[in-house]
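Chemist: Each chain is listed here by its residues.
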Amino acid sequence: MSRQPYVRPMSTTTWYMRNGRYKVYVLRELSSFLVTFYSFLTISALAALAANSPDKWDAFLASQQATGMMVFHGLALLYFLFFQTFPWFKLAPKAMPVYMGEKKLPDSYIIIGHYVAWVVVSVFILWLAGVI
Amino acid sequence: MSTRTRTLELEIMRYDPEKDKEPWFQTYTVPCIEDWVILDAINYVKENLDTTLAYRWSCHMMVCGSCGMMVNGEPALTCKTFIRELPDKVRIEPLENFPIERDLVVVLDDVIQKLHKVQPYIIRKDPPPAEDQEYIQTRGQLAIFKQLTMCINCMCCYAACPQYGLDKNFIGPAALALAHRYNRDNRDQGKSDRLDILADHDGVWDCSFVGACSEVCPKHVDPAAAIQQMKIDGAMEFWKQKMGIPGDKS
Amino acid sequence: MAIAKKAIVWGLFAAGGTLTAFVFPALIALYLVIATGNVPDGLQFEQIHNFAASWLGKACLFIVLFLSVWHAAHRLRVVAHDFGIRKDTLVANAVYAVAALGTVLTAFYLFGIR
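Residue numbers (my numbering), protein chains in the order written: chain X, 10 to 141; chain C, 924 to 1173; chain H, 276 to 389.
In case anyone wonders, no lab produced these hints; they're calculated from the structure.
Every residue, glycine too, gets a C-beta built ideally from N, C-alpha and C.
Take the hints with a grain of salt, since some may be wrong.
Straight-line distance between alpha carbons at most 30 Å, and here's what the computed BS3-like set of lysine-lysine pairs gives [said to hold, decoys possible]: (1) LYS103/X x LYS280/H; (2) LYS333/H x LYS65/X; (3) LYS1163/C x LYS113/X; (4) LYS1012/C x LYS113/X; (5) LYS280/H x LYS944/C; (6) LYS99/X x LYS1069/C; (7) LYS1012/C x LYS280/H.
So these bits of chain H aren't anywhere near chain X, every CB distance computed over 12 Å [said to hold, decoys possible]: (8) LYS280; (9) LEU294; (10) ALA301; (11) TRP330; (12) ALA347; (13) THR364; (14) LEU365; (15) ASN368.
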């Protein structure tokens, strides 16, 4: 009787295709591309503002007005909600559980709290921008 | 108790290190009673169809943690997986991410070592209480780590963890959850001792919070949550040290 | 020391993740509104410039962008690993360099708005 353990191969490049859970995880991580894109887009907006004259800013706004961009932003918004914002709220109570004596505050309370705060923040930003 | 029967096709992964170059699947047709768990069906194979099948089990009641296998691609305790929740065709494989010793038996040496490595016992800097006294622990102090004591080392979490699969140096879910269990125990003062192992490269930072470990855990230990809490602890500890705030005694 | 570096970048990642989760949907929605051609009052030069020129506005914009780029950088490092790129040190240097660049540019432009 000799030992000869068999090691099953695992692809380092396509392992996440193995099940739905991994696929959702990878889609979540890919939201980082959107964060990068919108961060640098906003930095370029700041660059336009830093000229301290309306011309550059209006040119920036004009450069953003296109049907293609509308579609892109719409899809990006949906993607971001479902693969970054909502998952982040869902996992928040795991990272920071709240104990009150012997009792753990139910995860749902923390999650609902996040959603409420999110609505408040979003409404505030949209109000500040004059959208609503 | 229902005696309704259903015929199940079990596709079981076989591997004989002395004969086989690689694993292969053998199909067994098993007349099952609807109330059975998968382990019953595997036991039926062993007793009636094929005595050469090798697998681990002991208690049949979710306590011993030895019957973890991949059931239709999901790591699970086979004593907890009822056949009424499964289709007529069920694929049984040894736990993913571990070398196969034979058939459904995997080599667990690596994780056993890792469990030792995290120093899973109470470490004291102060002398322990006098002999006629006991450690004091309130129910609230117990509550914050009790869930973590439920682990039965079935290693389903390691089978679910892609980061362990990709990099065997990663300490992994169960061992990190066990470390957290002691870190959170008010009797323990060994947190800083464990920090060296846990906050190092192959410790908590290799976890990318896939969360699969917690979803498959049959005892609801939630190792993923434990690891995120340890990351926060590690980050806080770093800033505390930077700002010269003395940490707790441990 | 390995512990220290990872604790810093992970801390920024976690803080940035929380912040982007809250703020980015509204931010993307604003770009969507701009793309339709109906630029709201708050985004006309006068108002947005006043906001970005104020210290409170500068502070808000800096915190959001600083944490966002560092959050994204750390996650991109994980993405590279998940897609099989094993040169972690190289990847880490590259993504954190981009984040540092974003931080510097943000500070530079904000300083220039007056």
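Chemist: Each hint needs a verdict: does it hold in this structure or not?
Modeler: Each hint tested on the structure:
1. LYS103/X x LYS280/H: holds, 24 Å
2. LYS333/H x LYS65/X: holds, 19 Å
3. LYS1163/C x LYS113/X: holds, 26 Å
4. LYS1012/C x LYS113/X: With Cα atoms ~41 Å apart, LYS1012/C and LYS113/X exceed 30 Å; violated.
5. LYS280/H x LYS944/C: Status violated; Cα separation ~44 Å.
6. LYS99/X x LYS1069/C: At roughly 22 Å apart (the allowed maximum being 30 Å), LYS1069/C and LYS99/X satisfy the hint.
7. LYS1012/C x LYS280/H: Not OK: LYS1012/C and LYS280/H at ~49 Å, beyond 30 Å, violated.
8. LYS280: holds, 19 Å
9. LEU294: Violated, because the least Cβ-Cβ distance between LEU294/H and chain X comes to about 10 Å, which does not exceed 12 Å.
10. ALA301: The assertion about ALA301/H is violated, with a minimum of 4 Å to chain X.
11. TRP330: holds, 15 Å
12. ALA347: violated, 4 Å
13. THR364: For THR364/H, whose nearest Cβ neighbour in chain X is about 17 Å away, the distance exceeds 12 Å, so it holds.
14. LEU365: With a cut-off of 12 Å, LEU365/H remains clear of chain X, as the shortest Cβ separation is near 16 Å.
15. ASN368: holds, 16 Å
Going through the hint list in order, the structure does not satisfy hints 4, 5, 7, 9, 10 and 12.
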